[in-house]
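Using the sequences plus the hints, can you model the full thing?
Okay, so the sequence shown: first residue is 1 according to the numbering used here, each after it adds one.
Wrong hints could be hidden among the right ones.
[As the list claims (entries may be wrong)] No farther apart than 20 angstroms at their CA atoms in a straight line, the calculated lysine to aspartate or glutamate pairs in the EDC-like style are these:
1) 53 / 75
2) 53 / 25
3) 53 / 2
4) 53 / 7
5) 53 / 78
None of these hints come from the bench; they were simulated from the model.
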Amino acid sequence: MERLHADLRITGRVQGVRYRRSAAEQATRLGVVGYAMNQADGSVRIEVEATRKGLMAFITWCRTGPPRAHVAHVEVVEGPLLGYTSFITRR
1 MERLHADLRI
11 TGRVQGVRYR
21 RSAAEQATRL
31 GVVGYAMNQA
41 DGSVRIEVEA
51 TRKGLMAFIT
61 WCRTGPPRAH
71 VAHVEVVEGP
81 LLGYTSFITR
91 R
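Right, dumping it as C-alpha coordinates:
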(Lines of atoms letter the chains of each structure in order from A; the text may use other names.)
(Lines give C-alpha, C1' and ligand atoms only; values in the text may rest on other atoms or scores of the structure.)
Protein backbone atom coordinates (compact mmCIF):
# COMPACT_ATOMS: atom_id res chain seq x y z
CA MET A 1 0.00 0.00 0.00
CA GLU A 2 1.18 3.47 -0.84
CA ARG A 3 2.10 5.58 2.18
CA LEU A 4 1.81 9.36 2.27
CA HIS A 5 3.36 12.10 4.41
CA ALA A 6 1.63 15.24 5.67
CA ASP A 7 2.71 18.14 7.85
CA LEU A 8 -0.27 19.58 9.78
CA ARG A 9 -0.57 22.88 11.63
CA ILE A 10 -3.61 23.02 13.91
CA THR A 11 -4.72 26.38 15.31
CA GLY A 12 -7.35 27.39 17.84
CA ARG A 13 -7.57 26.30 21.47
CA VAL A 14 -5.37 23.24 21.01
CA GLN A 15 -2.81 23.48 23.83
CA GLY A 16 -3.63 22.49 27.40
CA VAL A 17 -6.62 20.40 26.27
CA ARG A 18 -4.90 17.01 25.73
CA TYR A 19 -4.71 17.53 21.97
CA ARG A 20 -1.29 15.89 21.52
CA ARG A 21 -2.13 12.94 23.80
CA SER A 22 -5.47 12.39 22.06
CA ALA A 23 -3.78 12.68 18.65
CA ALA A 24 -1.34 9.96 19.67
CA GLU A 25 -4.22 7.71 20.73
CA GLN A 26 -6.02 8.27 17.42
CA ALA A 27 -2.82 7.75 15.44
CA THR A 28 -2.22 4.40 17.14
CA ARG A 29 -5.82 3.35 16.49
CA LEU A 30 -5.54 4.32 12.79
CA GLY A 31 -2.04 3.00 12.09
CA VAL A 32 -0.59 6.50 11.66
CA VAL A 33 3.05 7.22 12.56
CA GLY A 34 4.90 10.49 13.21
CA TYR A 35 4.77 13.05 16.00
CA ALA A 36 2.78 15.89 17.58
CA MET A 37 4.45 18.94 19.12
CA ASN A 38 3.24 22.20 20.69
CA GLN A 39 4.47 25.38 19.00
CA ALA A 40 5.38 28.69 20.66
CA ASP A 41 2.52 30.46 18.82
CA GLY A 42 -0.11 28.25 20.51
CA SER A 43 -0.62 25.91 17.55
CA VAL A 44 0.16 22.19 17.36
CA ARG A 45 2.37 20.77 14.62
CA ILE A 46 1.84 17.17 13.61
CA GLU A 47 3.87 15.27 11.02
CA VAL A 48 2.31 11.99 9.99
CA GLU A 49 2.74 9.11 7.59
CA ALA A 50 0.07 6.58 6.74
CA THR A 51 -1.94 5.00 3.97
CA ARG A 52 -4.29 7.41 2.20
CA LYS A 53 -7.26 6.00 4.13
CA GLY A 54 -5.48 6.28 7.51
CA LEU A 55 -4.19 9.76 6.73
CA MET A 56 -7.61 11.06 5.69
CA ALA A 57 -9.26 9.58 8.79
CA PHE A 58 -6.60 11.17 11.02
CA ILE A 59 -6.95 14.59 9.36
CA THR A 60 -10.72 14.37 9.79
CA TRP A 61 -10.21 13.71 13.52
CA CYS A 62 -7.75 16.65 13.74
CA ARG A 63 -10.44 19.05 12.49
CA THR A 64 -12.38 18.38 15.73
CA GLY A 65 -9.78 17.09 18.19
CA PRO A 66 -10.54 16.08 21.78
CA PRO A 67 -13.65 17.34 23.61
CA ARG A 68 -12.04 20.40 25.27
CA ALA A 69 -10.34 21.63 22.08
CA HIS A 70 -11.69 24.27 19.74
CA VAL A 71 -10.03 23.82 16.35
CA ALA A 72 -10.06 26.95 14.21
CA HIS A 73 -8.06 25.65 11.23
CA VAL A 74 -6.03 22.66 10.05
CA GLU A 75 -3.40 23.42 7.42
CA VAL A 76 -2.18 20.34 5.53
CA VAL A 77 1.02 20.27 3.46
CA GLU A 78 2.08 17.07 1.72
CA GLY A 79 5.75 16.12 1.67
CA PRO A 80 8.21 13.29 1.11
CA LEU A 81 8.19 10.21 3.30
CA LEU A 82 10.63 10.39 6.23
CA GLY A 83 10.22 6.81 7.47
CA TYR A 84 8.61 7.25 10.88
CA THR A 85 7.99 3.96 12.67
CA SER A 86 5.82 5.02 15.62
CA PHE A 87 3.85 8.02 16.89
CA ILE A 88 5.30 10.14 19.70
CA THR A 89 4.50 13.42 21.42
CA ARG A 90 7.21 16.03 21.70
CA ARG A 91 7.31 19.09 23.95
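field: Structure versus earlier hints - violations, ascending order
entry: none
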